[in-house]
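There are 2 protein chains.
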Amino acid sequence: MELKIKISNWSAGLPVVMLNEKTAKELGVHAGDRISIKTISKKPREMVTILDTTEKIVNKRELGVSVEIKKRLSLREGQKIDISLSSNPMSVNYIKKKLLGKVLIEAEIKEIIQDVVNNKLSEPEIAVFISAMYKNGMNFLETVSLIDAILYSGKKLTFKNKLVVDKHCIGGIAGNRTTPIIVTICAAGGLIFPKTSSRAITSAAGTADCIEVLAPVEFSMEQLKKIVKKTNGCLTWGGSLGMVPADSKILKVEKMLKLDPTAQLLASIMSKKLADGGKYILIDIPYGKKAKVNKNKAIYLKKQFEKLGKHFNVIVKVILTKGNEPIGNGIGPALEILDVIKVLNPKEEGPTDLEKKSLYLSGLIFEMTGKAKKGKGINLAKEILDSGKAFKKFKEIISAQKGKFKGIKLSKIFKIIHSKKSGKIKEIDNKLINELARVAGCPLDKFAGVHIQHHVGDKIKKGDELITIYAESKPRLKSALKFYHEKSPIKL
Amino acid sequence: MELKIKISNWSAGLPVVMLNEKTAKELGVHAGDRISIKTISKKPREMVTILDTTEKIVNKRELGVSVEIKKRLSLREGQKIDISLSSNPMSVNYIKKKLLGKVLIEAEIKEIIQDVVNNKLSEPEIAVFISAMYKNGMNFLETVSLIDAILYSGKKLTFKNKLVVDKHCIGGIAGNRTTPIIVTICAAGGLIFPKTSSRAITSAAGTADCIEVLAPVEFSMEQLKKIVKKTNGCLTWGGSLGMVPADSKILKVEKMLKLDPTAQLLASIMSKKLADGGKYILIDIPYGKKAKVNKNKAIYLKKQFEKLGKHFNVIVKVILTKGNEPIGNGIGPALEILDVIKVLNPKEEGPTDLEKKSLYLSGLIFEMTGKAKKGKGINLAKEILDSGKAFKKFKEIISAQKGKFKGIKLSKIFKIIHSKKSGKIKEIDNKLINELARVAGCPLDKFAGVHIQHHVGDKIKKGDELITIYAESKPRLKSALKFYHEKSPIKL
Chain S
57 MELKIKISNW SAGLPVVMLN EKTAKELGVH AGDRISIKTI SKKPREMVTI LDTTEKIVNK
117 RELGVSVEIK KRLSLREGQK IDISLSSNPM SVNYIKKKLL GKVLIEAEIK EIIQDVVNNK
177 LSEPEIAVFI SAMYKNGMNF LETVSLIDAI LYSGKKLTFK NKLVVDKHCI GGIAGNRTTP
237 IIVTICAAGG LIFPKTSSRA ITSAAGTADC IEVLAPVEFS MEQLKKIVKK TNGCLTWGGS
297 LGMVPADSKI LKVEKMLKLD PTAQLLASIM SKKLADGGKY ILIDIPYGKK AKVNKNKAIY
357 LKKQFEKLGK HFNVIVKVIL TKGNEPIGNG IGPALEILDV IKVLNPKEEG PTDLEKKSLY
417 LSGLIFEMTG KAKKGKGINL AKEILDSGKA FKKFKEIISA QKGKFKGIKL SKIFKIIHSK
477 KSGKIKEIDN KLINELARVA GCPLDKFAGV HIQHHVGDKI KKGDELITIY AESKPRLKSA
537 LKFYHEKSPI KL
Chain V
57 MELKIKISNW SAGLPVVMLN EKTAKELGVH AGDRISIKTI SKKPREMVTI LDTTEKIVNK
117 RELGVSVEIK KRLSLREGQK IDISLSSNPM SVNYIKKKLL GKVLIEAEIK EIIQDVVNNK
177 LSEPEIAVFI SAMYKNGMNF LETVSLIDAI LYSGKKLTFK NKLVVDKHCI GGIAGNRTTP
237 IIVTICAAGG LIFPKTSSRA ITSAAGTADC IEVLAPVEFS MEQLKKIVKK TNGCLTWGGS
297 LGMVPADSKI LKVEKMLKLD PTAQLLASIM SKKLADGGKY ILIDIPYGKK AKVNKNKAIY
357 LKKQFEKLGK HFNVIVKVIL TKGNEPIGNG IGPALEILDV IKVLNPKEEG PTDLEKKSLY
417 LSGLIFEMTG KAKKGKGINL AKEILDSGKA FKKFKEIISA QKGKFKGIKL SKIFKIIHSK
477 KSGKIKEIDN KLINELARVA GCPLDKFAGV HIQHHVGDKI KKGDELITIY AESKPRLKSA
537 LKFYHEKSPI KL
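Protein chains in written order, with the working numbering: chain S, 57 to 548; chain V, 57 to 548.
Bear in mind the hints are in silico, worked out from the structure with no lab data behind them. Do not take every clue at face value.
A pair holds if it fits inside one copy or across any two, identical chains being indistinguishable in the list.
Restricting the straight-line Cα-Cα distance to at most 30 Å, the calculated cross-link-like pairs of lysine-lysine (BS3-like) are [claimed, not checked]:
#	residue 1	residue 2
1	K166	K152
2	K460	K81
3	K285	K468
4	K366	K480
5	K378	K152
6	K314	K166
7	K78	K530
8	K534	K518
9	K359	K476
10	K353	K127
11	K282	K471
12	K429	K515
13	K158	K359
14	K530	K126
15	K285	K62
16	K451	K403
17	K116	K62
18	K218	K462
19	K286	K62
20	K515	K445
21	K451	K534
22	K335	K351
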């Protein structure tokens, strides 16, 4: 039956379609049915989604669509459209098979991922897939199939230059914002560094959240290529490029569930790096009691990444770094970018730990690509940083991304916490500091977060400033203070 | 912050609340946050739910609520309400623990169930809980805790009379509508039979769906008690009584996922039977290649039910019946109730298999309660049925439930399928017949379904009528015919 499009302003974060209950009755469809929507044209655009019904909002013979569907199918108000019933996808059975601990074959994984992308699977169904991977794991072949399927679902960047590099950090360390520093050092050193980053999933900030304080991060493939052509590098958000749409959808549900299955972690990282077109990939795995992974898990991941690198014919180097405490002083988008600028600007003094780690990783990339001899990479990196070339490159990239390099004003809603006793700092709990910054409003509130004045081992006196909590609203600050006092993330 | 209620007509089937993005910013809350809503009064009503934000639909300082929340908190347009941030519930961690295969203690299960009821867990989170139970199972103590928790979450019926009976069939057999026949025979025989039934979950029709063709099935506890007082029995829907709200929510997600973990199956049935106040409970487990369970699973369930009966101090009898083909001729709400009436009415001839099974089960209940001696129950049941007393009781119950006993008119949109060859019927696939009826529109389209003219073993000639498919709309009939020809549920 032909229906007229009615565009709804309800942005549910999910594709939603609605029929008037009378029309649904007439069509013989019910709320919860999977239906296929198809534009009426020579090259029809089509998608499958879950139906909702309503008594009022949508009139008879209208199809209400959410903003997401309008964008996806490029619909306009009043446009005619055809809908039909769609049957249950086979992928539901494959997910059940995996939940029962069986091994999936390539075609089954491909079908699950295609159905995720095409919106044929609901969020609770994706939640079962995540649960299944979390509980039963995936073997090497399954992981390879998952990467292939995710890559196949989206677009891929390609560069003619052979020295295309990439880096990834599996995260979990508060404040560990090395990426903008490494990208600018390497780009200034002649490497091609088309960096796409994620927004925060479980942390207080992702690189994309931080860069967004200064410049837009959402670009099309073509725009990104222009930026890289101009500056050798970029600092963009991967989500807007349509490179790994399946991964984004799965990550969204993972985020809701706070479950992070290893196979999906491997596939998520490798598929993004491969889609970025990187030929030399450095992966940093911080480990430790309060990091995302412990040493054993870190060693396991290292082996898997190296094996995957060989399989996909790219040079992968994995390093394990200690991740027992936050790096830098700021945690939160604006606070972290402030640390980054201090390290890059030769006239300022940035956090030593952040600078040291960034130089080490940049040096390794120079050595991987042959730009520096073994053991000499760090010197080259330091030369570029100290000379101000990296800082200049950073400003170039920000400008190429249509941003403005400017001073950062922190929120006026903050509270300084002073130490109640003298002593040596024994522990700064990464996870709790991360959570604290999130309670304060990160990553959505870019100017919220925490600033830690000290590191583990520092001696402090009663009354010394310990930490400053920033928020963009008073209720958030209150919640954060309550959290801080209940959890004591810093231990003397 | 105090907000004004704005009631939305969007019935999402889920509690949904929305804030204008500006108000959200002001409050420091984000889409996806768990928030607590509290009425401003001496005895505030409160609930926790997931927040959505919008640019337009809701004005500043308004809180948009869906119909479900309006009902739950008895809200009116413009009413003032308070909202605040709510932290992540501990139950999320317990669900993860179960997914990893660990055993949960009573308090943990209770908290999960309470959070399901209080809407603190999202559907994807409930999906993980279902996946965890499906994959890892639950031991006896966990199952007992689950039953206790589900019972604790709702209300319970109590009757002074000692001869309160109940029955349950785990389902999976198309057309197996014995319940209305058994309830009326037993009630006519002097037993108290407060039967609450479910609507269809994965099948074409539940008893509640069938009865609804003739009478309302949604009543309050008080109304139900009045009906039972008047007639000794009732045929109502369990969902409206608020007896096991946790179970209903979990079943809803199970239905989406088509996963049916054993522990939840046991808990779901036992909690409902205990809430119904039954002291003698007969459980029918049809098994077979195309039934819900095979013989081994049936034997396992029988043992578990008997053990649970002892634990909860009620008499439980479990019988295993063969379930290789549909019972009766009709599959679908109206078609099944038509079969029921034919069996009940002494002046009509109903399907023999349906009559025989109903008499057998009624007889067992008479024997369990001492109304008949061992081996003599079936005679008593037959006497009551043949005399027309059961039919009279059925009409009494329909009338007490404010229904009208009337003839049933089937849909005019139907198609008779004739056999393409002569031969003996080898197989009628229960699952496929069920699915066929669902594709035709069951259970929501009450007059849709299929009518099977034959049973396994029947000899038929080329051109004989095999099956009739009914639908309420042409697209549904078309889909059903396509399904029939692709899957061939009847094999010669």
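Tested hints:
1. For the homomeric pair K166 and K152, the shortest alpha-carbon distances inside one copy (15 Å) and between copies (27 Å) are both at most 30 Å.
2. In the homo-oligomer, the alpha carbons of K460 and K81 lie at most 30 Å apart only across protomers (24 Å), although the nearest pairing inside one protomer, at 55 Å, exceeds that limit.
3. With identical chains, the CA atoms of K285 and K468 are never at most 30 Å apart, being 39 Å at best within one copy and 68 Å at best between copies.
4. In this assembly of identical chains, K366 and K480 lie within 30 Å of each other by CA distance neither inside one copy nor across copies; the values are 46 Å within and 60 Å between.
5. Within a single copy, K378 and K152 get their C-alpha atoms only as close as 38 Å, which misses the 30 Å cut-off; across copies the closest is 27 Å, which meets it.
6. In the homo-oligomer, the alpha carbons of K314 and K166 lie at most 30 Å apart both inside one protomer (24 Å) and across protomers (21 Å), since each shortest distance falls under that limit.
7. Taking the closest pair of Cα atoms, K78 and K530 come within 30 Å of each other only across two copies (15 Å); inside a single copy the shortest separation is 47 Å, beyond that limit.
8. In this assembly of identical chains, K534 and K518 lie within 30 Å of each other by CA distance solely inside one copy; the values are 24 Å within and 80 Å between copies.
9. Taking the shortest alpha-carbon separations for K359 and K476, neither the intra-copy value of 45 Å nor the inter-copy value of 61 Å comes in at or below 30 Å.
10. Taking identical chains as interchangeable, the C-alpha atoms of K353 and K127 are never at most 30 Å apart, the minima being 41 Å within one chain and 49 Å between chains.
11. For the identical chains of this complex, K282 and K471 are neighbours neither inside a copy (43 Å) nor across copies (62 Å), given an alpha-carbon limit of 30 Å.
12. Proximity of K429 and K515 under a CA criterion of 30 Å is satisfied in neither setting, with 40 Å inside one chain copy and 86 Å between copies.
13. Taking CA atoms no more than 30 Å apart as the test, K158 paired with K359 passes in both settings, with 23 Å inside one copy and 28 Å between copies.
14. Proximity of K530 to K126 under the C-alpha cut-off of 30 Å is restricted to the inter-copy arrangement: shortest distance 29 Å between copies versus 36 Å within a copy.
15. In this assembly of identical chains, the alpha carbons of K285 and K62 never lie at most 30 Å apart, being 42 Å within a copy and 51 Å across copies at closest.
16. With identical chains, the CA atoms of K451 and K403 are at most 30 Å apart within one copy only, with a shortest distance of 15 Å there and 92 Å across copies.
17. Proximity of K116 and K62 under a CA criterion of 30 Å is satisfied in both settings, with 11 Å inside one chain copy and 24 Å between copies.
18. For the homomeric pair K218 and K462, neither the shortest alpha-carbon distance inside one copy (34 Å) nor that between copies (81 Å) is at most 30 Å.
19. With identical chains, the CA atoms of K286 and K62 are never at most 30 Å apart, being 43 Å at best within one copy and 51 Å at best between copies.
20. In this assembly of identical chains, the alpha carbons of K515 and K445 never lie at most 30 Å apart, being 36 Å within a copy and 90 Å across copies at closest.
21. Within a single copy, K451 and K534 get their C-alpha atoms no closer than 36 Å, and across copies no closer than 63 Å, so neither meets the 30 Å cut-off.
22. With identical chains, the CA atoms of K335 and K351 are at most 30 Å apart within one copy only, with a shortest distance of 27 Å there and 57 Å across copies.
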